[in-house]
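Residue numbers (this note's numbering), protein chains in the order written: chain U, -15 to 309; chain V, 3 to 278.
If you're looking for bench data, these hints aren't it; they were derived computationally from the structure. Since the model is a prediction, treat every value here as computed from it, not as a measurement. Certain hints may be false.
In the PhoX-like style, the derived pairs of lysine-lysine whose C-alpha atoms are separated by at most 25 Å in a straight line are [what the hints assert, rightly or not]: (1) LYS120/U to LYS173/V; (2) LYS12/V to LYS116/U; (3) LYS253/U to LYS194/U; (4) LYS91/U to LYS12/V.
Covered, in the sense of this in silico footprint (three residues per stretch, anywhere, with C-beta under 8 Å from a C-beta of chain U), are these stretches of chain V [as the list claims (entries may be wrong)]: (5) 16 to 22; (6) 92 to 98; (7) 187 to 200.
We put the CB at the ideal spot given by N, CA and C, even for glycine.
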Amino acid sequence: MTRSVIEMRAVGKRFGKLAALKEIDFTLAEGEVVGMMGHNGAGKSTSMKVILGLIRPTSGQVSVFGHDPAGAEANQLRLRLGYLPENVQFYEQLTGFEVLSYFARLKRIGNKVVAPLLERVGLAPAMHRQVKTYSKGMRQRLGLAQALIGEPRLMLFDEPTVGLDPMATRDFYSMVDELRGRGVSVILCSHVLPGVERHIDRAVILGQGKMLASGTIDELRHSAKLPLVMRLRTSRSPDALAAALRGYGAVAGEARNGRVELQMPVAAKIPVLRLLMADSEVVDLDMEPPTLESLYAHFDGMIRESAGVESAVSATARATQGEPA
Amino acid sequence: MRNLTIVAGKEFRDGLRNRWVLAITLVFGLLAIGLAYFGAAASGQVGFTRVSTTIVSLSSLAVFLIPLIALMLAYDSIVGEDEQGTLLLLLTYPISRIEILAGKFLGHAAILGVSTLVGFGVAGAVIATFSSGAPLGEMAAALALFILSAMLLGWAFIGFAYLISISVTEKSKAAGIALVVWFTFVIVYDLALLGLLVGTGGKVGQGVFHYLLLLNPTDIFRIINLTFFEAARTQAGLASIGADAAFHPLILIGALVAWVIAPLSLALWIFRRREI
């Protein structure tokens, strides 16, 4: 049984009239990597700030490593915590080395960790240059190095791959895998995380301060019932394919340049594949399972729709009541 | 305590690195020597004049300059870090808000303190070497009092700068407010007092008036440096009224210390309550 590192129970946060978080229940186990997704204003940053102890929730309970993150033990907790804020700009006039050693000393760790950390994020050649000469990607790497100071047991990354080139993004994800291997809990927070699926255990989707969905990618795919997309290169007409595969719930789109797009339930994948493999007219085949982004779009669309329906209903109700009988 | 010295050390090193310390020291030193040498130019002679004259004219210039330098030095210390995102990051470190602000204050106070001490101190030594007349002891005491009150004045305005820096969310706004604060304390307040004095036909009680002067750190600074020199009163304008009140120098220094503590404590209080 793994201990939970973060526990949030019915957490709500109001800023005046605005409810930034509503009834958030969330747990994070030791060594678990969770992707937290949501559009701007969905409550990602507020959730992070609550976990970091920067703001207190107006209702509900939060505990991090078993303590209140905004309470008396906060400083002890913070020694075990790494955070990469969104868009952080470090002290421009200092060198990368100086920036990192400042933060390392604040975390009560000496200067000897600084050079290895900069090495690890690939900034070693630039460590004695001023931060103002750094590119966006280099600054992001410096932020990453900063979050890694003191080998924290819980890491929170806010938009970690923004500004990173594909190579650096890959390096970042392999670092996340390595952290998980060492039992570090990680929250990756983003509105878009291309290619993140393989590196997270669970995804949490936030919208308008509420938790819209939470689970493994497979669970989310299952509950969203999003179709699997197959693209075929074939001389067969879409109608013929649709007729042959109707029994599996597959739908065919229009033929375009000798290609046909099929949409089907995920469960129909193997039987449909068997049929298509046996068909000599099918020359090539591409498959695309629902991505995290399409899942996110689906859940996010649901809450927007339901909000739209609610306001439509209340508008109708008002109209009906207002009408003289 | 450790965190305090880490933050203070960084601020002080920043001050050395971006030449604040050097610039302030040079400005103060050259100002003092220049005034001492050319101070008597109006009466047709050039050369080092009496120390008392020098300090009186120096204090009437420094009273404009020191608050401005202090505000420029520190106005963006919190709002600047807020804008670049490092404040949010710092707050996730094992350091309290009090330690952040107090550490910054120690660093900035050291920058201004060292510059004041070295700038005016070296100038004082030069003047002492070349001028004749006043006994060395009396001169050193006057200079020491001048330097001490100048430091306190600067520190008070660093406190104001923090108060501004914590209350706004944009650097440009902080700069604007800092300018208004400077203008209010250095110029408007005295003009308003003069207006009050003239407008009421001098009916404002002398006692009340003395205490009104204590409500402005720049006036306290003026009074401190005037009371030391009886002879200079004729040139001193409004503050000579304060000098007449014969506040004990210790009371005046105490009032200036209170002006250092009050804005700083208020800034700490607001900073602790502020949501990020």
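Pair hint LYS12/V and LYS116/U, alpha-carbon separation not exceeding 25 Å | Since the Cα atoms of LYS12/V and LYS116/U sit roughly 17 Å apart, the hinted pair holds (cutoff 25 Å).
Going straight from one Cα to the other, do LYS120/U and LYS173/V come out at no more than 25 Å?
-> This hinted pair holds, its Cα atoms lying about 22 Å apart.
Tell me if chain U covers the stretch 187 to 200 of chain V under the three-residue, 8 Å CB rule, please?
-> Since three or more residues must qualify, the claim that chain U covers the stretch 187 to 200 of chain V is violated, with 0 doing so at under 8 Å.
Are the Cα atoms of LYS91/U and LYS12/V separated by 25 Å or less?
-> 15 Å, holds
Has the given pair, LYS253/U with LYS194/U, been kept, meaning a C-alpha gap of at most 25 Å?
-> Judged against 25 Å, a Cα distance of about 33 Å means the pair is violated.
Are there at least three residues in the stretch 16 to 22 of chain V whose beta carbon sits under 8 Å from a beta carbon of chain U?
-> holds (count 3)
Outcome, coverage hint (the stretch 92 to 98 of chain V, chain U; C-beta under 8 Å; three residues) | holds (count 7)
Hint compliance for this structure: hints 3 and 7 are not met, and every other hint is.
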